[in-house]
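Engineer: Listed below are the residues making up each chain.
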Amino acid sequence: MAACSAAGVDIPRFCYHQRLSIAGNCRMCLVEVEKSPKPVASCAMPAGPGMNIKTDTPLVKKAREGVMEFLLINHPLDCPICDQGGECDLQDQSMHFGSDRGRFTEMKRSVQDKNLGPLVKTVMTRCIHCTRCVRFATEVAGVQDLGMTGRGNASEIGTYVEKAMESELSGNVIDLCPVGALTSKPYAFTARNWELKSTESVDVSDAMGQNIRVDSRGVEVMRIVPVQNDAVNEEWISDKARFQYDGLKRQRLNVPLVKGSKGLLESATWEEALVAAKDAISKVKGNEMSFIAGKLADAESLIALKDLANRLGSGNLKVEVSAPHLDADVRSNYLANSTISGIDRADVILLIGSNPRVEAPVFNARIRKTFLDGAHVAMVGEQADLTFPVEHLGTGPDALAAILKGSPMLKRLKKAQRPAIIVGPGVLNRPDSAAVLQQVHELVEKADVVREGWNGYNVLHDTASRVAALDIGFMPSARSASAPAPKLVYLLGSDDFDPADVPADAFVIYQGHHGDNGAARANIVLPGAAYTEKNATYVNFEGRTQRTKAAVPRVGDARSDWSIIRALSEVLEKPLPYSTTDEVRARLADMAPHFAQVDTVQSPMWLNGEYFQAFKDRAGKAAVEKQAFSSSISNFFQTDVISRTSINMAKCVQTRASLAHK
Amino acid sequence: MLRHIGRFGRLVASTLRNRLPIECCPSTGVSLQEQACSSGPSIASAARGFATNSHDILNTHRHASHNNWETPFDFTPENYERVAEVLARFPTNYKQSACIPLLDLAQQQNNGWLSLNAMNKVAQIIEVPPIRVYEVATFYTMFNRSPIGKYHIMVCGTTPCMLCGARSISAAIKDHLNIDYGQTTSDGLFTLGEMECMGSCVNAPMIAVADYTNGTSSFSYNYYEDLTPADAVKILETLKEGKKPKVGSQYREVASPAGQVQGGKWVPAANKAGRTLQFEASGGKPPGPFCRNLDEPAEGVESKSASPPPPPPPPPPSKEGTKAKA
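Residue numbers (numbering that gives the first Met the number 0), protein chains in the order written: chain A, 0 to 661; chain B, 0 to 325.
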């Protein structure tokens, strides 16, 4: 089949999928091979030298018609009420290859629908038993729940015992299903695919920057599906990326709000709000202001806010849940230097303080693939089920020290051709992360993880804004360490801020798109745009610059984030020197050239060796604490304002809790 | 409108009949398997929507009072020895090969059926996810996933047995036990099932009986062959009394053409020299029907070669030539 598609001939198929194992059970891809007495299934037949494959003969036509007739025997004629209608392989292929009449006059069988949880809707009577979902669950997601029970005409796909799919990637079976047996529950009966406008964009629910397609109708996001990008997400996306879109319709901030005399937020015009902000800002000194960026902040708004803060004389910038000891000076110090696709080539992987299954599920599937290709995976950190067997070396820094002292793992890393170390937020978010990172770097040097042609030092971040913030240098300046407690806090979409950073008496300006912790605390609220509503730049954890595209208009009076800051600077009479998106992006490229290189990774130079000599001195004073590395994400489905507002995600949490109960 | 009701009504009725037990199950909270076991013949036979020889109707699990996560199952110490012996037959990295023998062992121990936890236990022993064991257990009809009588009677219904009177055997058993295929007698002693060919065609008709009366130690799976309806009933009666019926052919001692069941009676061969009964009856010639000699034209059909060659058809004659050859 691959040979045929290389030759430009498209062969119909249902069960074959290039990222799954070959099943050969749908028989749709039958072709005629010269000297073969029978038609052969091209998906399972290796191409040989001198092989003559015929795909356009009466025999092939007859075979396809026959297979199609068999498939349709038990397939209901319910296309008008089927959500797959219009994007259904069976529908399309029966148009192309099927007969124009049927001979079947018996009863069709009916199969009981399965309950796979709040995301995947099943209409099992439509199933044609291609087993793509079973293979996906087993091979990619690593959650062996699905199977084919029964035999012959009575066989059905299911879990045997009713059980929701316990995977963060379960939504992908919807795309894999060639018919309407597995469809999206939240999307059910809401739209037809031909009335949707598709916009290719980037997901911000984690730091991986999964490529997505936002399908919208009018002002509403109807669904989100993956876009293939072999270097990032292949063609999978996590359930959070796929299903959190309903959070975009709820709890939105659509007008500027200013806290009135009664202590309640009251709607205001932009002018009123900006003037109120100006009044508040002009009352405090530069170093009494603090600026906190949230998980979803884009690069444009980050640079605008940094420029504005610097003009106001404040260097007190930080990203919430900050990794205090990551310096922006050396880019190789905070990126996944092996790159996401490079992990495929690693042969020994050591995870330190990282649970990729919740931090970046699609990346975890990639590590799993590497594991299945024979790589050895070990972890230091809280025990977690990564969907594949992992050698657990301990939970805390003491285990790390034990590896350093000389252990089988150290030998293994040394011997490996391409060893990879993945440092997760479990390390970065610790107060003693400097000391731990120093240990990690000792290990990197000792085990020779960075060598000619291979850089195995990787940092896995958990939020979409982190890498861009570090690239820009959105972090506390040296002087800000001595700054007094802030009297004015500017929250750029920050809702998970550390309460200590926002003193009770501080004046708070919140800019963001959802009414959550930040807006609740705010004195002034400036409504911004969510990731589906703006053209914005994000950098993923391997350093890949990617851009979202506006799929739907902004809500109400909301404005694009960087332009709000630009407007505020105008009101403050300290105008920023850019006024169009292109100009902001030019400023970004000035700051760091890779911002101009969209969808590419500029591998950073490895400077950690020199750099960490200085780092070591600094870390020498900090003591390493004993507690275990724990992942920053305890609840995969609710990590940011959008997913917290999403009903779909709330249902997932409920389902997961009931599973845990069992 | 009225004219259509007849056909349409039938369709609806059959659809309902097929689906009724499945759909009413969650709402009433009554286990389907319990229904199937306890209720009268009409419902349960109608519930068999699919042609499977298993007495299990569903290929999915439904929690029931007798079969749920809490239903305990563990192998007995003696059976653990057998488990170890089974596992020893396979390389340690191919433990999953032991799936079927272990399921069989679990079924023998557990009164002839596999509870959810029995399958889970096997999955745990062979170190595979439970669904892989469920797949196997639902595929093979000799694994029962719902409670079963102490004796599982399986009547062969495949062609040779059918020609030799299997239908009268099954009718006699159904009559005698007052149950249909897939059902269990009210005393819980017999479950009746239909099987495909079990390889005893030479002694047709036959039944197989799985004996689950006393766990693994006394488990037996015996064939009873050369049956007349009366023999079948006698075997059931003997089993009911707790005795052992004669295993194998009910009439012949050695594998020889000693006779055959004909018309519900054992007819011994007249000539013991070695020729079969039917040869005797037809005067030394096999009675037929015979296979037609394909080289000769069939009776009543005019030979093609005798008729004048057909006029040249629109497609080229070369194609016609290959067709004739094929």
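One thing to keep in mind: the hints can contain errors.
To be verified - Sample of chain B residues at the chain A side, in silico, Cβ under 7 Å:
#1 Asn58
#2 Thr137
#3 Ser199
Unchecked claim - Taking lysine-lysine pairs in the DSS-like style, the calculated list, with each CA pair at most 27 Å apart, reads:
#4 A/Lys282 - A/Lys248
#5 B/Lys233 - B/Lys243
#6 A/Lys261 - A/Lys277
#7 B/Lys233 - A/Lys368
#8 B/Lys94 - A/Lys162
Quick caveat, the hints were computed from the structure, so don't treat them as lab data.
All residues carry an ideal CB built from backbone N, CA and C; glycine is no exception.
Engineer: The structure should be examined with respect to each hint, and the outcome stated for every one.
Structural biologist: Going through the hints against the structure:
no.	hint	in the structure
1	Asn58	3 Å, holds
2	Thr137	4 Å, holds
3	Ser199	23 Å, violated
4	A/Lys282 - A/Lys248	36 Å, violated
5	B/Lys233 - B/Lys243	11 Å, holds
6	A/Lys261 - A/Lys277	21 Å, holds
7	B/Lys233 - A/Lys368	62 Å, violated
8	B/Lys94 - A/Lys162	26 Å, holds
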